[in-house]
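Protein chains: 2
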Amino acid sequence: MTAVEFTAFLDELATVSGDTILPFFRTSLSVENKGPGGGAFDPVTAADRAAEMAMRTLIRRNFPSHGIIGEEFGAERAQAEFVWLLDPIDGTKAFISGMTAWGTLIALTRQGTAVAGLMHQPFIGERFSGDGATAHYRGPGGARVLNARRCAKLSDAMLYTTSPRLMSGADRNAFSRIEEAVKLSRYGGDCYSYCMLAAGLIDLVIETNIKPHDIAALVPIINGAGGIVTTWEGGSAELGGRIIAAGDRGLHAAATQMLLR
Amino acid sequence: MTAVEFTAFLDELATVSGDTILPFFRTSLSVENKGPGGGAFDPVTAADRAAEMAMRTLIRRNFPSHGIIGEEFGAERAQAEFVWLLDPIDGTKAFISGMTAWGTLIALTRQGTAVAGLMHQPFIGERFSGDGATAHYRGPGGARVLNARRCAKLSDAMLYTTSPRLMSGADRNAFSRIEEAVKLSRYGGDCYSYCMLAAGLIDLVIETNIKPHDIAALVPIINGAGGIVTTWEGGSAELGGRIIAAGDRGLHAAATQMLLR
Chain A
1 MTAVEFTAFL DELATVSGDT ILPFFRTSLS VENKGPGGGA FDPVTAADRA
51 AEMAMRTLIR RNFPSHGIIG EEFGAERAQA EFVWLLDPID GTKAFISGMT
101 AWGTLIALTR QGTAVAGLMH QPFIGERFSG DGATAHYRGP GGARVLNARR
151 CAKLSDAMLY TTSPRLMSGA DRNAFSRIEE AVKLSRYGGD CYSYCMLAAG
201 LIDLVIETNI KPHDIAALVP IINGAGGIVT TWEGGSAELG GRIIAAGDRG
251 LHAAATQMLL R
Chain B
1 MTAVEFTAFL DELATVSGDT ILPFFRTSLS VENKGPGGGA FDPVTAADRA
51 AEMAMRTLIR RNFPSHGIIG EEFGAERAQA EFVWLLDPID GTKAFISGMT
101 AWGTLIALTR QGTAVAGLMH QPFIGERFSG DGATAHYRGP GGARVLNARR
151 CAKLSDAMLY TTSPRLMSGA DRNAFSRIEE AVKLSRYGGD CYSYCMLAAG
201 LIDLVIETNI KPHDIAALVP IINGAGGIVT TWEGGSAELG GRIIAAGDRG
251 LHAAATQMLL R
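Sequence lines, in order, name chains A and B.
Just so it is clear: in the first sequence, position 166 is 166 by the working numbering, and no numbers are missing.
Just so it is clear: in the second sequence, position 88 is 88 by the working numbering, and no numbers are missing.
Check before you lean on any hint, since a few could be wrong.
Put simply, identical chains are the same to the list, so a pair is met inside one copy or across any two.
What the hints assert, rightly or not - Listed next, the in silico SDA-like pairs over lysine to any residue satisfying Cα-Cα at most 20 Å (straight line):
hint : residue 1 : residue 2
1    : Lys93     : Ser163
2    : Lys93     : Glu180
3    : Lys93     : Pro164
4    : Lys211    : Glu76
5    : Lys93     : Glu179
6    : Lys211    : Ala253
7    : Lys183    : Pro164
8    : Lys93     : Arg149
9    : Lys183    : Ser163
Don't read these hints as lab results, they were simulated from the structure.
Excised from the complex, chain A in its bound form (with noise of 0.2 Å):
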């Protein structure tokens, strides 16, 4: 399979994930809004099962000796050089609420390491994709390279956080150091917060209880636009955890410093 044919399947896969997962986001904006029966209908479940479920079809059909993780199906063949971990919907909180910061995550990991990623906002109909050399956009704006901007220092900062709500106490004492050291930090990213520091436009992500799933995708993106991203204690991001991306590896440095004070 050439690199051409590969972006392809990637592509494939994002496109088929968004038809399905589409008829359920903002459901009370449908033209028809029915659940099964007695209200206990959840739309976000009900299309995160349905397009993990046309991924895995296509990845077997395509890869049979790839690995498959999914966040809703769990794992098969695991161990396989090759494997694949799919997040249908990161960022259900803001799915469920008709807000737009959610997307599809997409990883393709070769004995652990992430080396192609994308992540699919098929409302916006925006792609951001990366093997961890390059980064590249596809949207309503056009198709365009992603570089990570150059920002050394804490107080030029812009942070973003999906919610400090979701840290444990100790690490939110950590995160709050950091808070008062930017010029700038807030909340509500998800899966956006990693692309917009690949497209420049953010220096910072903290977070904490990230799955696999939650990153892989990501870290392939944040590489290839020449942004950093690990583990506060400087490990592998792909193994999730508490999470740390930087667009510059001076920031990073610094805000990894005062994060393990």
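Position chain B relative to chain A; hints supplied.
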């Protein structure tokens, strides 16, 4: 001017504003990103000013007797019977971060009461509008009537605020009481929170330090969708201040009581 012509005029204002703003959004992803001279270029201020000027020109040409109050250029004929309130970019921090939770707010007030309002997100291409009696959506998902949802109990409610960091200490404590009582609390909404409430996707929005141009356009949308929006004290939301919006009147009463306790 008929109702149809008037709706068309509101749409024309939104279109002109959106066309003016979009080239300044995510400038790091644009083909051209040339500031005038040395680095001091501020895309959000430039976009805000250009869009407000374009809307003011259209209003003056069509309604020379109307007043205009805008975020960037202040007030003209503020004592007129009809006054327009303009906020070209509500959610400037989202805008500069590349996030899409910002919008253009356009309100028409008659003797201080908002009689028509529109929120336009030109990047996504969606509009939320209302006249106090009805409210409508147009966007990628088609055109729909907006209806807020019933949710009488705080323990079932989904709450949004832009950021608790924007609140003073006492207000933040009051807000925390609500946060502990609701089902879900999320940050980062700006004008989108109120529109999602009108769309029946969330139940409660609580904010402080709201200016008239931040909220006036949203009042006829929320009311038109069957929701309610006031100050914490129950006063007219068009004056700004501490704002509470709810999709359900019972929830509004319960939350207001808890805020002022």
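Okay, the hints, checked on the actual structure:
no., hint, verdict
1, Lys93 <-> Ser163, "both (11 Å within a copy, 16 Å between copies)"
2, Lys93 <-> Glu180, "between (27 Å within a copy, 17 Å between copies)"
3, Lys93 <-> Pro164, "both (14 Å within a copy, 18 Å between copies)"
4, Lys211 <-> Glu76, "within (17 Å within a copy, 54 Å between copies)"
5, Lys93 <-> Glu179, "between (23 Å within a copy, 15 Å between copies)"
6, Lys211 <-> Ala253, "neither (23 Å within a copy, 39 Å between copies)"
7, Lys183 <-> Pro164, "both (17 Å within a copy, 17 Å between copies)"
8, Lys93 <-> Arg149, "between (29 Å within a copy, 17 Å between copies)"
9, Lys183 <-> Ser163, "both (18 Å within a copy, 15 Å between copies)"
Checked against the numbered hints given earlier, this structure breaks only hint 6.
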